[in-house]
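**Q** Listed here are the chains, written in short residue letters.
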Amino acid sequence: MSEAIEVARTYLRPGKKLPTVWCGGCGLGIIMSAMLRAIAAIGVDKNKVAVVSGIGCTGRMPTYVDFNTLHTTHGRGLAFATGVKLARPELTVIAAMGDGDALAIGGNHFIHACRRNIDMTAIVANNQIYGMTGGQYSPTTPHGKRGTTAPYGNIEYAFDTTALAVGAGATFVARSSVYHAREAGLLIEKAIRHKGFSVVEIISNCHTSYGRMNKFASPVAMLEWMRDNSVSIKAAEHMDADALEGKFTRGVMVESDKPEFIQSYDEMAERVATDPAAVANVKKVIQSYDAMADRLKPENG
Amino acid sequence: MTGNDATAEAMRQIAPDVVTCFPITPQTELMHKFAEHVADGDVDTELVLVESEHSAMSAAVGAAAAGARAMTATAANGLALMWEIVYIAASYRLPIVMPVVNRALSGPINIHCDHSDTMGCRDTGWIQLYSENAQEAYDNTLQALRIAEHPDVLLPVMVTFDGFILSHTAEILEGLEDAEVKDWIGTYEAKYSILNTDDPVTIGPLDLQDYYFEHKRQQVEGMRHAPDVIREIGRAYGELCGRSYDLFEAYRLEDAELAVVALGSTCGTTKVVVDELREQGVKAGLLKIRSFRPFPEAEIAEALGNAKAIGVLDRSISFGAPGGPVHKEIKAALYGTGHEIGIVNYIYGLGGRDMSMNDIKTAFAGLEKVAREGTPDDNIRFLGLRGEGGV
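Here the protein sequences line up with chains A and B, keeping their order.
Final position of the first sequence in the numbering used here is 301; the numbers increase by one with none missing.
Final position of the second sequence in the numbering used here is 391; the numbers increase by one with none missing.
Treat the hints with care, as some may be off.
Chain B is faced by these chain A residues, among others (derived, beta-carbon under 10 Å) [to be verified]:
hint	residue
1	G100
2	Q136
3	Y137
4	H143
5	G144
6	A150
7	E156
8	Y157
9	A158
10	A181
In silico EDC-like cross-links for lysine to aspartate or glutamate, where the CA-CA straight-line distance does not exceed 20 Å [claimed, not checked]:
hint	chain 1	residue 1	chain 2	residue 2
11	B	K328	B	E297
12	B	K361	B	E279
13	A	K247	A	E156
14	A	K145	B	E249
15	A	K145	B	E279
16	A	K145	B	E51
17	B	K308	B	D210
18	B	K182	B	D42
19	B	K283	B	E232
It should be emphasised that the hints constitute simulated quantities derived from the structure, not laboratory data.
Even for Gly, the Cβ is constructed at its ideal location relative to N, Cα and C.
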């Protein structure tokens, strides 16, 4: 049995939810399989993995994968995932989001999750459009490109997802594309292994909405665009701004070591519990509450 | 036209100063259509594409506070995300008009029709007009603007229509001419505007134990004036195009012994069932609620006065309450009128489950027994549900 079939048999939910809702040729299948290969390579028990999503095409991903999964509301995947991780720190928590989900309606959660450095992995499937609702321009639709709400070209400017994540303080940030499927899987694996908040942006294709409106004749044309218009970070170091114009870089943008949120939380709890002054303070507060409760008893007037 | 197209057409004709939008199924096509009108230069509206519904309602409030005619549209979770600002729009007395395409609120996630979204915000201070078909969605939108902006009312209005059932199915629409609409809505001069530098005002500052209560009482006053205004505008609309509107519609109700109360698209199906039953000699009738907020309790109690049994159809649940939202209002309306009428609540169609003619016949059949024996113990029933409690 090939590795791919083995991964599919182990981690996909057989039965009525498959085949997926995604259009034929959609990059989301490649991203899902990259995520599954990464989890297989790490070898974590699938009952110790939680995959959380919001709304949109990417939001459907937890439906198909056989982990602990939570399909939540638009933009809030990371907020729910944070709750999961705080309650069950031993779980490997992955939030799968689209660009609209992660960066528009959920943009605030995204930057604060980066800042907090909680040990989770955010996979941002960036197809530069709102796919499920019919091709409205999103925060990553490039300037000048078309959407159903920008029939004459987008006059706004796109977020650079990885730059945003770096700026907001994520401690592992990487980017790949669905054309570079193997690289995408390896980067997701690194991200999951990283202790801290990790972001992996995977450039994907929505030929149905984005491609149709932006002169990509087929899914293959979009994949070829990714092949021809991306450069590895190493190669980019030797290229000037003109040569990099219109291209995106692939690889690990940031990999840094900073105390992780849950670890810091536990350390704080330990510190407070063993600090006589802090313990005395807490006791004082509890005593004052007890005294108040006493005063409020009916028999005490 | 579909319900979405018809509503977008009404919006094009209204040509609001500002429209804010964010996509959500099944409203998305409405805003697509309107965005096309804007892009094609058919309407001179500032269309603001925001990053969430919370922002959509916030931007509409900002625009309306600056004296603009502002509209937005949404559905289900979008409305839920707006919640905070939905209250604020009403309490600032901003005449925003918002079509809401009814869809079930998560979870589990569902994109099909029920009324849990708008019923959930029945206490937000918005006027709510429910539509039976795309024509009514169009007509209600045009009237909503006049109702909202009426100086005795000054409250925002939700125009609701059933997701997919109405939003995505096509019917023949009788529209007004652009010039007629322009004349119908007139121009709008906000009484207070934050952009009026000669008479600067502050909207929404801190209002604590001192005056908050009085301001809430003023909202009640606006809502108290609304029924007369809705009726007056419904009559005037009839003079304009031949389709007049009231707070509710009594369909073959006058001598009806078995009455069903409903709102939304199910009313159309119910009318066909009523006609069939009438042919068989059953005295059946329908009371279709158009204005759920304000709720015209005295008039409804009077219209139902001759019934021997009432079946109230609710397309949403009020968990832990004695029945669905419509059911509770009907019972409250009848309290103290001296009529001891048997009432049964039929919860139906949650998450888009089809409401067939047979289901409605089942409801009427149940009412025959209620007419004989009065309100039964099992007076909250689930129409079309599998398993326990289902009928």
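**Q** Any hints from earlier that this structure breaks? Give me their numbers in increasing order, please.
**A** Numbers 4, 5, 8, 9, 10, 14, 15, 17, 19 - these are the hints that the structure violates, sorted from lowest upward.
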